[in-house]
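Guided by the hints, dock chain V onto chain L, whose structure is given.
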Amino acid sequence: MERNLHKQLGNMKKSLFDQGYLDEQFIQLEELQDEANPNFVEEVVTLYYRDSARLIQNIEQTLENNPLDFAKLDNYMHQFKGSSCSIGAKKLKNECTQFREHCKTGNGDGCKRTFQQLKKEYAALKKKLEHYFQVP
Amino acid sequence: MGRDCCSSGAQELHVLAVDDSHVDRKVIEKLLKISCCKVTAVESGRRALQYLGLDGDKSSVGFDELKVNLIMTDYSMPGMTGYELLKEIKGSSRLRGIPVVIMSSENMLARIDRCMEEGADEFLVKPVKLSDVKRLTNFILRGDEANQMGSSKRKLWDDPCSWFTTSCS
Numbered sequence: 001m002e003r004n005l006h007k008q009l010g011n012m013k014k015s016l017f018d019q020g021y022l023d024e025q026f027i028q029l030e031e032l033q034d035e036a037n038p039n040f041v042e043e044v045v046t047l048y049y050r051d052s053a054r055l056i057q058n059i060e061q062t063l064e065n066n067p068l069d070f071a072k073l074d075n076y077m078h079q080f081k082g083s084s085c086s087i088g089a090k091k092l093k094n095e096c097t098q099f100r101e102h103c104k105t106g107n108g109d110g111c112k113r114t115f116q117q118l119k120k121e122y123a124a125l126k127k128k129l130e131h132y133f134q135v136p
Numbered sequence: 001m002g003r004d005c006c007s008s009g010a011q012e013l014h015v016l017a018v019d020d021s022h023v024d025r026k027v028i029e030k031l032l033k034i035s036c037c038k039v040t041a042v043e044s045g046r047r048a049l050q051y052l053g054l055d056g057d058k059s060s061v062g063f064d065e066l067k068v069n070l071i072m073t074d075y076s077m078p079g080m081t082g083y084e085l086l087k088e089i090k091g092s093s094r095l096r097g098i099p100v101v102i103m104s105s106e107n108m109l110a111r112i113d114r115c116m117e118e119g120a121d122e123f124l125v126k127p128v129k130l131s132d133v134k135r136l137t138n139f140i141l142r143g144d145e146a147n148q149m150g151s152s153k154r155k156l157w158d159d160p161c162s163w164f165t166t167s168c169s
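Quick mapping for you: the protein sequence lines, in order, are chains L and V.
Going by UniProt numbering, the first residue of the first sequence is number 1, and it counts up by one from there.
Going by UniProt numbering, the first residue of the second sequence is number 1, and it counts up by one from there.
Wrong hints could be hidden among the right ones.
Simulated pairs of lysine-lysine, DSSO-like, Cα-Cα distance not exceeding 27 Å [unchecked claim]:
id: 1; chain 1: L; residue 1: 128; chain 2: L; residue 2: 104
id: 2; chain 1: V; residue 1: 26; chain 2: L; residue 2: 126
id: 3; chain 1: L; residue 1: 13; chain 2: V; residue 2: 26
id: 4; chain 1: V; residue 1: 129; chain 2: L; residue 2: 14
id: 5; chain 1: L; residue 1: 72; chain 2: V; residue 2: 26
id: 6; chain 1: L; residue 1: 14; chain 2: L; residue 2: 104
id: 7; chain 1: V; residue 1: 26; chain 2: L; residue 2: 128
id: 8; chain 1: L; residue 1: 91; chain 2: V; residue 2: 129
id: 9; chain 1: L; residue 1: 119; chain 2: L; residue 2: 72
id: 10; chain 1: L; residue 1: 14; chain 2: L; residue 2: 128
id: 11; chain 1: V; residue 1: 26; chain 2: L; residue 2: 91
id: 12; chain 1: L; residue 1: 14; chain 2: V; residue 2: 90
id: 13; chain 1: V; residue 1: 129; chain 2: L; residue 2: 126
id: 14; chain 1: L; residue 1: 13; chain 2: L; residue 2: 126
id: 15; chain 1: L; residue 1: 119; chain 2: V; residue 2: 38
id: 16; chain 1: V; residue 1: 129; chain 2: V; residue 2: 38
id: 17; chain 1: V; residue 1: 67; chain 2: V; residue 2: 134
id: 18; chain 1: L; residue 1: 91; chain 2: L; residue 2: 126
id: 19; chain 1: L; residue 1: 91; chain 2: L; residue 2: 104
id: 20; chain 1: L; residue 1: 128; chain 2: V; residue 2: 129
id: 21; chain 1: V; residue 1: 33; chain 2: V; residue 2: 67
id: 22; chain 1: V; residue 1: 87; chain 2: V; residue 2: 26
id: 23; chain 1: V; residue 1: 67; chain 2: V; residue 2: 87
id: 24; chain 1: L; residue 1: 127; chain 2: V; residue 2: 33
id: 25; chain 1: V; residue 1: 90; chain 2: V; residue 2: 129
id: 26; chain 1: L; residue 1: 14; chain 2: L; residue 2: 127
id: 27; chain 1: V; residue 1: 26; chain 2: V; residue 2: 129
id: 28; chain 1: L; residue 1: 14; chain 2: L; residue 2: 126
id: 29; chain 1: V; residue 1: 134; chain 2: V; residue 2: 26
id: 30; chain 1: L; residue 1: 91; chain 2: L; residue 2: 7
id: 31; chain 1: L; residue 1: 126; chain 2: L; residue 2: 7
id: 32; chain 1: V; residue 1: 129; chain 2: L; residue 2: 13
id: 33; chain 1: L; residue 1: 72; chain 2: L; residue 2: 91
id: 34; chain 1: V; residue 1: 67; chain 2: V; residue 2: 90
Listed next, with one range per pair, are the computed distances between beta-carbon atoms [what the hints assert, rightly or not]:
id: 35; chain 1: V; residue 1: 50; chain 2: L; residue 2: 50; range: 23 to 31 Å
id: 36; chain 1: L; residue 1: 116; chain 2: V; residue 2: 138; range: 41 to 49 Å
id: 37; chain 1: V; residue 1: 38; chain 2: L; residue 2: 50; range: 22 to 30 Å
id: 38; chain 1: V; residue 1: 118; chain 2: L; residue 2: 134; range: 45 to 53 Å
id: 39; chain 1: L; residue 1: 120; chain 2: V; residue 2: 117; range: 41 to 49 Å
id: 40; chain 1: V; residue 1: 118; chain 2: L; residue 2: 50; range: 32 to 40 Å
None of these hints come from the bench; they were simulated from the model.
All residues carry an ideal CB built from backbone N, CA and C; glycine is no exception.
Chain L on its own, in the form it takes in the complex:
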């Protein structure tokens, strides 16, 4: 029974990496986990989703303004990219970079398009990680 669970976890993790959701930084975080702090990674990820929910909301609201405040959007995205990077969220990190490029060129439609994609990736990763942490 124990072996099957470990295998399940291993497969899930492998697929998260193979599909490009996570990168090396996630492994770095797992290596910091020990007996004193066995749920460290889950705690960091939970913190990430809690804090970034607020950022996502702010970006959403700012994208509704007319004209768009690209400096403000870029600032929010810089913060979001930073935290995404810290948990090893590779795909999200790339979406953030893309978004910031659009901010630089003042491409409002590009920002909105990229943001929709980003939200999808964000939700998808959240689900996958919730599942991953559920395996004891």
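Below, chain V without anything else, positioned relative to chain L:
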């Protein structure tokens, strides 16, 4: 306590970590604790200055109790940036001897130069790794020994030994 921890009797560094990101504070705190450091984590430059006794009221706690051996600060923070915090610290006769390390997600040469010119001892690109922290703490511990023996302070970047003391983890 955990892997790689220093044996009893070895000096424990007290590090002040400054970062507005809650996630990053949690991670840097863990990295430092694993490296056998005492950590005080604050969310802004203002808070850091208050803690160091540089912001306004200098009475209250005696500085010795709070002795900080290293300050690690994020560069981009709202209000006071890491660069501005660095200037405040290096501008204080009482605190300028404390090594300051800047952490930034942006690997910009101009930014790095500015910080090093202002007296930063190291510039780390985020995300910060355990090997970065271990290299730093080793350097500071050796620096403390060297200071006790009366030798001059070296910058981390100029120290050839620091490049060979990375851990295997």
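Original post:
Holds or violated: residue 13 of chain L with residue 126 of chain L, Cα cutoff 27 Å?
Top reply: This hinted pair holds, its Cα atoms lying about 14 Å apart.
Subject >> 27 Å Cα cutoff - pair residue 14 of chain L, residue 126 of chain L >> reply: 16 Å, holds
Subject >> Pair hint residue 90 of chain V and residue 129 of chain V, alpha-carbon separation not exceeding 27 Å >> reply: The given pair, whose Cα atoms are some 26 Å apart, holds under the 27 Å limit.
Original post:
Are the Cα positions of residue 129 of chain V and residue 38 of chain V separated by 27 Å at most?
Top reply: 18 Å, holds
Original post:
Is the straight-line distance between the alpha-carbon of residue 14 of chain L and that of residue 104 of chain L 27 Å or less?
Top reply: 35 Å, violated
Original post:
When you check the alpha-carbon spacing of residue 91 of chain L and residue 126 of chain L, does it fall within 27 Å?
Top reply: Between residue 91 of chain L and residue 126 of chain L the Cα gap is close to 12 Å, so the pair holds against 27 Å.
Original post:
Taking only the CA atoms, is the gap from residue 129 of chain V to residue 14 of chain L under or equal to 27 Å?
Top reply: 22 Å, holds
Original post:
Is 32 to 40 Å a correct range for the gap between the Cβ atoms of residue 118 of chain V and residue 50 of chain L?
Top reply: With a Cβ separation near 34 Å, residue 118 of chain V and residue 50 of chain L satisfy 32 to 40 Å, so the hint holds.
Subject >> Assessment of proposed distance window 41 to 49 Å (beta carbons of residue 120 of chain L, residue 117 of chain V) >> reply: 44 Å, holds
Original post:
Given the proposed pairing of residue 128 of chain L with residue 104 of chain L, does the C-alpha separation stay at or below 27 Å?
Top reply: 32 Å, violated
**OP:** Would you check the hint for residue 67 of chain V and residue 134 of chain V, treating anything up to 27 Å between C-alpha atoms as holding?
**Re:** 20 Å, holds
Original post:
Should the hint that residue 118 of chain V and residue 134 of chain L are 45 to 53 Å apart at their CB atoms be regarded as holding?
Top reply: With a Cβ separation near 47 Å, residue 118 of chain V and residue 134 of chain L satisfy 45 to 53 Å, so the hint holds.
Hint violations for this structure: numbers 1, 6, 12, 15 and 24, all remaining hints satisfied.
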